[in-house]
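Sequences listed follow chains A and B, in order.
Under this note's numbering, the first residue of the first sequence is numbered 8, with each subsequent residue one higher.
Under this note's numbering, the first residue of the second sequence is numbered 2, with each subsequent residue one higher.
Hints in this document: simulated from the structure, not taken from any laboratory.
Where hints are given, some of them may not hold.
As the list claims (entries may be wrong) - For lysine to any residue, the following SDA-like pairs were computed, each having C-alpha atoms within a straight-line distance of at most 20 Å:
no.	chain 1	residue 1	chain 2	residue 2
1	B	Lys29	A	Phe76
2	B	Lys42	A	Thr122
3	B	Lys22	A	Gly183
4	B	Lys22	A	Tyr116
5	B	Lys29	A	Ala78
6	B	Lys22	A	Thr122
7	B	Lys74	B	Leu38
A quick note: this is a predicted structure, and the numbers were derived from the prediction, not measured.
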Amino acid sequence: MSLLETLKQKPGALVACDDDPEAVFDLMCSKGWSDGLPVIPPTAERVERMLAWCDRDLDQPVLNIPPRFGAATPVRIAANAVMAGCKPEHFPLVLLALEALADEQYNLYGTQATTHPCTPMLIFNGPAAKEAGLNAGQNAMGNYFRANAVIGRAVRLALVNIGAAIPGTGDMATTGTPAKFTFCVAENEEQSPWDPLHVELGFPRESTAVTVIAAESPHNVNDHESLNAEGILTMVAGTMTITGSNNPYYAGQPVVAFGPEHAATVANDGMSKADVKKWLFEHATLPLSRFSKDTIERRFRRKLAAQYADAPLDAPVRMFAKPEDLVVIVTGGAGKHSQYVPTFGNTRAATRVLKRADGTLAKSLNDFKRN
Amino acid sequence: MAQLRKRGLITAVICSDTFMKLGSAQAKVFGVPDLPLLEIKHPLGGLSMEKVRERADVALPQLIRAIKAIKEKQA
Chain A
8 MSLLETLKQK PGALVACDDD PEAVFDLMCS KGWSDGLPVI PPTAERVERM LAWCDRDLDQ
68 PVLNIPPRFG AATPVRIAAN AVMAGCKPEH FPLVLLALEA LADEQYNLYG TQATTHPCTP
128 MLIFNGPAAK EAGLNAGQNA MGNYFRANAV IGRAVRLALV NIGAAIPGTG DMATTGTPAK
188 FTFCVAENEE QSPWDPLHVE LGFPRESTAV TVIAAESPHN VNDHESLNAE GILTMVAGTM
248 TITGSNNPYY AGQPVVAFGP EHAATVANDG MSKADVKKWL FEHATLPLSR FSKDTIERRF
308 RRKLAAQYAD APLDAPVRMF AKPEDLVVIV TGGAGKHSQY VPTFGNTRAA TRVLKRADGT
368 LAKSLNDFKR N
Chain B
2 MAQLRKRGLI TAVICSDTFM KLGSAQAKVF GVPDLPLLEI KHPLGGLSME KVRERADVAL
62 PQLIRAIKAI KEKQA
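Generate the whole structure from the sequences, applying the supplied hints.
In structure tokens form, the structure reads like this:
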């Protein structure tokens with residue numbers, strides 16, 4: 008008997024429902040299994056088709072998802088991927104993202120339960136991202152493109168359904184963010200003047216990788232006028248310097264996602280990615296006086312006393328602790344816009360490369376197809 | 002806190018009312034379902050010292066009761 012046949016025999020494994028889209032949607036919402044949008048019914052046949060693109064042990068957890076610490080086995084993750092609308096060939100990338108979230112430095116427990124409005128931002132690099140249909144061009148952080156929508160959504164559904172990040176009991180976000188439906192982007196490597204993120208981190212260019220970051224929603228940087236690097240970066244720094252994000256208080260890795268045109272203007276002035284990070288580290292600062300009196304006294308002077316106990320009111324408050332902490336990518340299409348993405352703070356970005364079960368680098372999503 | 006409890010120390014967690022469900026669920030997840038949760042009114046952040054003292058006044062008798070209950074159980 009196959010694993011799925013065995014699982015189907017377990018009490019409660021199957022739920023009967025009328026074969027009608029509205030009935031299915033009503034059932035999913037009543038059980039708390041949806042994100043509030045319609046889902047594809049995760050029938051055993053569909054889950055089995057999803058798992059045809061998985062070379063891992065189907066009943067071995069990839070991670071245990073807090074706060075419930077539910078065992079995220081490929082079978083359970085596949086059910087959520089079906090619900091999200093994934094094609095089977097998307098499944099290796101869903102698993103990869105969840106593997107990255109298991110990295111201790113990401114702090115999945117804290118990011119799941121916090122009052123802060125963070126959610127995993129998934130940044131994909133490499134050939135399999137393109138093969139999966141991930142859009143890195145026009146509207147790269149927006150709607151319309153299936154792979155971006157469903158891969159990010161599958162991860163979110165797994166975090167809720169397996170990890171019990173249920174609003175009010177396991178996910179205590181005060182307001183949350185619309186990015187909690189999906190926040191899945193690919194880097195526009197063809198139009199980037201710099202090495203893509205995974206190459207910068209030391210992985211082979213031909214590998215496929217995901218970097219996960221506990222992110223807020225993106226904040227736009229509109230600059231239609233600047234003609235050189237200093238101009239563009241001045242506008243980026245202005246967008247980064249906000250009192251309400253977590254980054255001035257906690258070590259964290261905020262993201263600057265340059266639109267290709269802004270990136271070209273900056274690079275044409277001879278600036279490398281490292282130069283950009285250094286420039287923004289030095290210039291994206293707020294004087295201490297810009298924070299509220301109570302925030303200065305209670306947070307900066309006491310909780311961050313080592314740095315600010317006696318600091319003058321014009322002391323610079325930085326948005327990240329050291330230049331290399333800033334994550335810089337290029338994504339999107341034509342136009343004079345970039346994005347700044349603040350983060351949770353008590354978290355580090357985690358990157359995982361797409362590998363087959365035997366540990367070799369995957370060249371294609373087809374490498375995961377079972378015969 | 003769960004680790005301290007498992008080592009036999011008397012432990013308790015101060016929890017604002019809004020977070021009680023999360024607190025009790027996590028106590029079960031971490032294998033200490035009887036971990037005392039001292040319930041105070043939400044919020045705890047952004048309060049004047051006077052309001053913090055009010056919450057301490059509510060938490061303290063609960064802490065004493067929790068210690069007594071654990072002592073009686075151990076006796």
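These are the hints, each one checked on the structure:
| no. | hint | result |
| --- | --- | --- |
| 1 | Lys29/B / Phe76/A | holds, 11 Å |
| 2 | Lys42/B / Thr122/A | holds, 17 Å |
| 3 | Lys22/B / Gly183/A | holds, 18 Å |
| 4 | Lys22/B / Tyr116/A | holds, 16 Å |
| 5 | Lys29/B / Ala78/A | holds, 16 Å |
| 6 | Lys22/B / Thr122/A | holds, 14 Å |
| 7 | Lys74/B / Leu38/B | holds, 17 Å |
Figure legend: structure checked against the earlier numbered hints; every hint is met.
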